[in-house]
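> Just need the whole structure built from these sequences, with the hints factored in.
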Amino acid sequence: MNFEFDRLSREEQDWLDEYLDGTISSEDFERLQERLLESAELRFVMRRYLSLDNTLQNEGGEAGFDSEGATSPWLSAGGAPREVEPEAGKMIRFPGIVPLAAAAAVAFLLGSALMHWRTPERGAGLLRVETDEPSAQGFAVIERLFDATWREGGSAHEEGGMLGREVFQLASGMAEIQFFSGATMIVEGPAEISLKSAWEASCLEGAVRIKVPPAARGFKLQAPSTEIIDLGTEFGLVVKGGEGHVEVIDGEIAVRHRDEREKLLGKDDALVLKSGAGASKIESGQIAFPDLTSYGARSERKNRSDFQRWTSHRDSLASDDRLIAYYTFDEDERTPLVPNLSVPRNPELDGAMILAEPVAGRWPGLKSALEFRRPGARVRVNIPGEFPAFTFMAWVRIDSLDRWYSALFMGDGYETGEPHWQIRDDGKMMLSVMVDDSRPNPYRANDAGFHRVYFSPPMWDLSMSGEWIHLASVFDPGNQTVSHYVNGSRISEQEIEDDYLIERLRIGNAEIGNWGQPFREDPTFAIRNLNGRMDEMAIFKAALTKDEVARFYEASRADRR
Amino acid sequence: MPPDSSPPHSEDERYETFVSRFAHFEPDLRRFIRSLLPTWSDTDEVLQQTAIVIWRKFDQYDPETNFMKWACVIARFEALTYRRKMARDRLVFREDVMELMADEGGEEVDSRIREHDALEDCLLAMPEKHRQFLTLAYTPGVKVKEMAEEAGSSAASFYMRLKRLRRQLMQCMESKLRTPDIGS
Chain A
1 MNFEFDRLSR
11 EEQDWLDEYL
21 DGTISSEDFE
31 RLQERLLESA
41 ELRFVMRRYL
51 SLDNTLQNEG
61 GEAGFDSEGA
71 TSPWLSAGGA
81 PREVEPEAGK
91 MIRFPGIVPL
101 AAAAAVAFLL
111 GSALMHWRTP
121 ERGAGLLRVE
131 TDEPSAQGFA
141 VIERLFDATW
151 REGGSAHEEG
161 GMLGREVFQL
171 ASGMAEIQFF
181 SGATMIVEGP
191 AEISLKSAWE
201 ASCLEGAVRI
211 KVPPAARGFK
221 LQAPSTEIID
231 LGTEFGLVVK
241 GGEGHVEVID
251 GEIAVRHRDE
261 REKLLGKDDA
271 LVLKSGAGAS
281 KIESGQIAFP
291 DLTSYGARSE
301 RKNRSDFQRW
311 TSHRDSLASD
321 DRLIAYYTFD
331 EDERTPLVPN
341 LSVPRNPELD
351 GAMILAEPVA
361 GRWPGLKSAL
371 EFRRPGARVR
381 VNIPGEFPAF
391 TFMAWVRIDS
401 LDRWYSALFM
411 GDGYETGEPH
421 WQIRDDGKMM
431 LSVMVDDSRP
441 NPYRANDAGF
451 HRVYFSPPMW
461 DLSMSGEWIH
471 LASVFDPGNQ
481 TVSHYVNGSR
491 ISEQEIEDDY
501 LIERLRIGNA
511 EIGNWGQPFR
521 EDPTFAIRNL
531 NGRMDEMAIF
541 KAALTKDEVA
551 RFYEASRADR
561 R
Chain B
1 MPPDSSPPHS
11 EDERYETFVS
21 RFAHFEPDLR
31 RFIRSLLPTW
41 SDTDEVLQQT
51 AIVIWRKFDQ
61 YDPETNFMKW
71 ACVIARFEAL
81 TYRRKMARDR
91 LVFREDVMEL
101 MADEGGEEVD
111 SRIREHDALE
121 DCLLAMPEKH
131 RQFLTLAYTP
141 GVKVKEMAEE
151 AGSSAASFYM
161 RLKRLRRQLM
171 QCMESKLRTP
181 DIGS
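Keeping their order, the protein sequence lines are chains A and B. Going by the working numbering, 331 is the number at position 331 of the first sequence; the sequence numbering is gapless. Going by the working numbering, 61 is the number at position 61 of the second sequence; the sequence numbering is gapless.
Please keep in mind that the hints were generated in silico from the structure rather than gathered at the bench. Even glycine gets a Cβ: it sits at the ideal position worked out from N, Cα and C. One should not assume that every hint holds.
[To be verified] List time: in silico DSS-like cross-link candidates among lysine-lysine, alpha-carbon distance up to 27 Å:
| # | chain 1 | residue 1 | chain 2 | residue 2 |
| --- | --- | --- | --- | --- |
| 1 | B | K163 | A | K220 |
| 2 | B | K129 | B | K163 |
| 3 | A | K196 | B | K163 |
| 4 | A | K263 | A | K220 |
| 5 | A | K281 | A | K220 |
| 6 | A | K220 | A | K240 |
[Unchecked claim] Just so you have them, the derived chain B footprint on chain A, three or more residues with Cβ under 8 Å:
| # | stretch |
| --- | --- |
| 7 | 12-21 |
| 8 | 33-39 |
| 9 | 51-57 |
| 10 | 175-184 |
[Said to hold, decoys possible] If you only want the chain A side, here are some residues facing chain B, beta carbon under 8 Å, derived:
| # | residue |
| --- | --- |
| 11 | E4 |
| 12 | F5 |
| 13 | D6 |
| 14 | I24 |
| 15 | S26 |
| 16 | F29 |
| 17 | R43 |
| 18 | R47 |
| 19 | R48 |
| 20 | A215 |
Set out below in structure tokens:
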């Protein structure tokens, strides 16, 4: 057959790419479908293109898989397949990946004898980062926010969030929106912007500044009764009470106001656009358009001062004599060790980093974190001794809870006195300590031993993906209570019944971010790596009070959300 | 009757046959399903459902006939069922479009295999840097923004670059299929 990609119209070619990237507009998707019904050529080329995408996804995706992943010849050609050097010259490792869903289905079908997936759906999602699909929808991304607040009833946004066809409402502050066409829009609140596609938006109210690089020339911005086409570089628009004011900061734009002829505006030209009247030229420089430089500097200063506040908190916390160990996961290229910062310093308690990746922490550029995305990622520690109580405290950023259990801090063998601190896939925090590993668990005959898991109410869902949160859990034999905290607030407190009371606590070999020694008979427990990052963990041999947890949270938080 | 000629298969044997057939055709089946649905995760879900149905109906399959054809019929049905469930999702094909794509796609399984082989050659011939970029771009779990950040570029230029490389590969693949000694 002679059907080829280049024979499609440019429009059709673009539709195919936008369909693959999930950025095609609803109108264009409709038109694509209409055209598909008419054109056998388009159908054929589209199937071929989707098949190409499928090959890239299958083989690209599996490259990072630890051992079973099929290595395709093109991935192993020339250098290590699992490490990629992007242009910036920094090594990035692949996060841990995905066996094919079908393999999971087969495993399911093989019967519960081999692997106990709870349901077939589970099997498919076991290793998959489920947050990706929703976040990949859209045609623009919020690059940065500065003191942004949101209109009541409107949706709130986060940095890095995707935007699709929607009305973006900003009550105050500034937002920098990057369209996938390449155009950048800086919005100053209060503003209301209707986002239409990667190439088009409409300013209903507020002040915007648009920068258009050559690749995005032709970006259209609508103001009341007016269409503005950017022919390159930069312009500003303020819309207030139905009246627009446009000014070219650099380059050239084309303006069509109502049914007037299109006007070309060059650098420093300015127009007032009245809905009931013609567009009239005015002097430039009368209106201030959003300017990021001052905001950027302010936010950078704030960031720095928050970080400094945290470092002094860190130094005082390190000499708290109730600490068992304290890790802040700062990147040090010279060593794979994760130093224990508690004073007096005891290098025996340093952790060993395995497959965990240094990534940006709560203050990007200032503080690093460790990411445990690969199934094998972990930090191993060995903490001898006996303790009267436990408090676990950590700053984590969860991407998704796609394991049954996502590990925070786990004693290896779960023997008597050892703790398990983790999060279940329904967002509940769990803390448990093995009470007696030689006695059977009365509730579950085949469970590990006599112990009880103390659950918090669900505290996490997908909407919090990517957000830094402060978690703390306290095991307090003295008061016979277990408490869970999120961002300094106690969300649950439960009693330790007499039967389940244990007063001599231990840790021994343990892991941060994963579980090293699952029960051999029960392979479903094998994958518990935290799909996310952690940039601080403190373990105390005492039960911190409600006020102390709140204080530690306040002293260590980054305000920038 | 001597055991080696006895036709009644035990459950285990039946299962082994299923697994070996399915494993063999899984890549083809996945490509077929991918052409009907908007995303990889939709594809995974339908592929999994298809695997389950194929197993359930496996005793209806006549081993003398083309397994892939049979599997495509099941996958087509499963994709349409999934479509009804997902119909409000904006990028899901209308029923008539999906049917047409499935009917034609089912006839093109062999072309897809040739295309796949040609594509592997193209990937091998591609500069290492580009290949790495693609690998990274297609790694599940990668967030465009973070990746762009780490590589020091913007999300927009990331998408542009991805599009350019994908089209280059498509052209390379098409040119290989055009040469008579590879194409049929």
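> Of all the hints given earlier, name the ones this structure violates by number, lowest first.
Nothing - there is no hint that the structure violates, so all of them hold.
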